[in-house]
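Novice: Chains as they are written, first to last, in the numbering used here: chain A, 1 to 122; chain B, 1 to 185.
Bear in mind the hints are in silico, worked out from the structure with no lab data behind them. Among these hints, one or two may not hold up.
[What the hints assert, rightly or not] Covered stretches of chain A, as calculated for chain B (at least 3 residues, CB under 8 Å):
(1) 12–21
(2) 28–35
[Said to hold, decoys possible] Here are some chain B residues pointing at chain A (derived, C-beta under 8 Å):
(3) 26
(4) 30
(5) 122
(6) 136
(7) 137
(8) 162
(9) 172
Yeah, the Cβ is synthetic: ideal placement off N, Cα and C, and Gly gets one too.
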Amino acid sequence: MSEAAHNFESLLREALTPVEPPADLVERLESTLTSITELAADELEAWELSAMRDPRNWVRPAAAIVAGSAAGAALVVLRARRRAAARPSGPLGVTLPHLDRAAAERTLRDLSRETRKLFGER
Amino acid sequence: MTETHVKKSKAQLDAEFSELYRAHLRDVYSYAYYRVGDHHDAEDLTEQTFLQAYRHFERAQQESNGRPLRPWLIRIAHNLAANLYRDRSRKPASPIDENSNLTALHTTEQLVEGRDELSRVLAGVQQLPDDRREALIMRFALGMDNREIARAMDRTDGATKVLIHRAIKQLEEIVGDPRKEGRDE
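With these hints in hand, go ahead and build the complete structure from the sequences.
Specialist: If you want it as structure tokens, here you go:
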């Protein structure tokens with residue numbers, strides 16, 4: 001690699017410096033993940049991953065759509081951190097951001113296919 | 001080869017997802033930010049990415065056979081961003097299409113605090129075709145190697161290497177000659 005190319009890549013690396021997520025996002029996301037797992041324990045009790053192969057099951061309450069069934073219980077580490085810094089607001093599991101639901105559902109459908117593609121071919 | 005998947009306990013899965021989350025939150029946020037050019041949308045995309053990842057985590061772990069999950073996370077973010085733009089492009093009332101690049105330039109300029117050269121590079125990155133811009137974000141903002149980027153973008157390693165090479169060349173031209181901004185090769 002020439003010195004000029006090296007310098008330009010260094011410049012590019014400096015320009016595209018990683019961006020730290022805002023503290024309020026971290027707090028909100030951890031709260032959401034914890035709340036969702038708690039909601040999911042009731043809402044998704046019998047909600048197995050295999051059920052997601054049936055498109056009819058994609059139409060679920062918003063929390064269920066995004067909650068996931070992989071674990072279903074609490075995120076132990078996150079919950080412990082949440083307890084250490086309790087928030088005055090209620091559960092955020094249903095406080096979905098303004099990404100609309102259609103986009104989320106479509107992404108969900110894409111994701112099953114993408115996961116197979118991503119790990120199945122190499 | 002015989003595949004054996006040991007069923008993990010929920011507690012173990014949760015703990016491992018927590019590790020994944022903590023290890024890659026900044027990666028996902030950085031990708032989302034440079035991808036959509038707006039902190040508000042980047043936050044939403046990051047949140048949605050981890051929610052989707054949580055849903056499919058067990059399956060992804062099984063199918064990854066121990067390979068890193070970062071490309072999978074970035075792929076989720078990529079798909080969410082693509083769907084977001086696709087939906088908004090159908091809704092003319094949404095301001096995102098008209099303002100996202102301006103917002104990105106404004107906020108990224110704040111990041112580099114007036115350093116002209118870096119600002120020109122960032123402006124140039126915004127001018128690149130989507131796939132080239134994404135490849136550069138993954139390489140330089142996230143530090144992903146060619147193999148990871150290839151998996152995230154569903155390309156071969158060789159095609160990814162070429163993509164990055166061409167992206168850098170095009171960006172050099174843009175930065176070196178501002179009159180080329182906005183042109184594709």
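Novice: Next step is simple, just say for each hint if it's right about the structure.
Specialist: Structure-based check of all given hints:
With a cut-off of 8 Å between beta carbons, the region 12–21 of chain A has 10 residues touching chain B; three or more are needed, and the interface restraint holds. Restraint check on the region 28–35 of chain A versus chain B: 4 residues with Cβ-Cβ distances below 8 Å, three needed, restraint holds. Taking 8 Å as the C-beta contact cut-off toward chain A, the hint placing residue 26 of chain B at the interface holds, the least distance being around 6 Å. The beta carbon of residue 30 of chain B comes within 5 Å of a beta carbon in chain A, closer than 8 Å, and the hint placing it at the interface holds.
Taken as an interface hint, residue 122 of chain B checks out: its beta carbon lies about 5 Å from the nearest beta carbon of chain A, inside 8 Å. Interface restraint check for residue 136 of chain B: the shortest CB-CB distance to chain A comes to about 7 Å, inside 8 Å, so the restraint holds. Contact between residue 137 of chain B and chain A, as hinted, is supported at the beta carbon level, the nearest pair being about 6 Å apart and thus within 8 Å. For residue 162 of chain B, the shortest C-beta to C-beta distance to chain A is roughly 15 Å, which exceeds 8 Å, and the interface hint is violated.
Below 8 Å, beta-carbon pairs count as interface contacts, and residue 172 of chain B has one with chain A at about 6 Å; its hint therefore holds.
Hint 8 alone, counting from the list given before, is not met by this structure.
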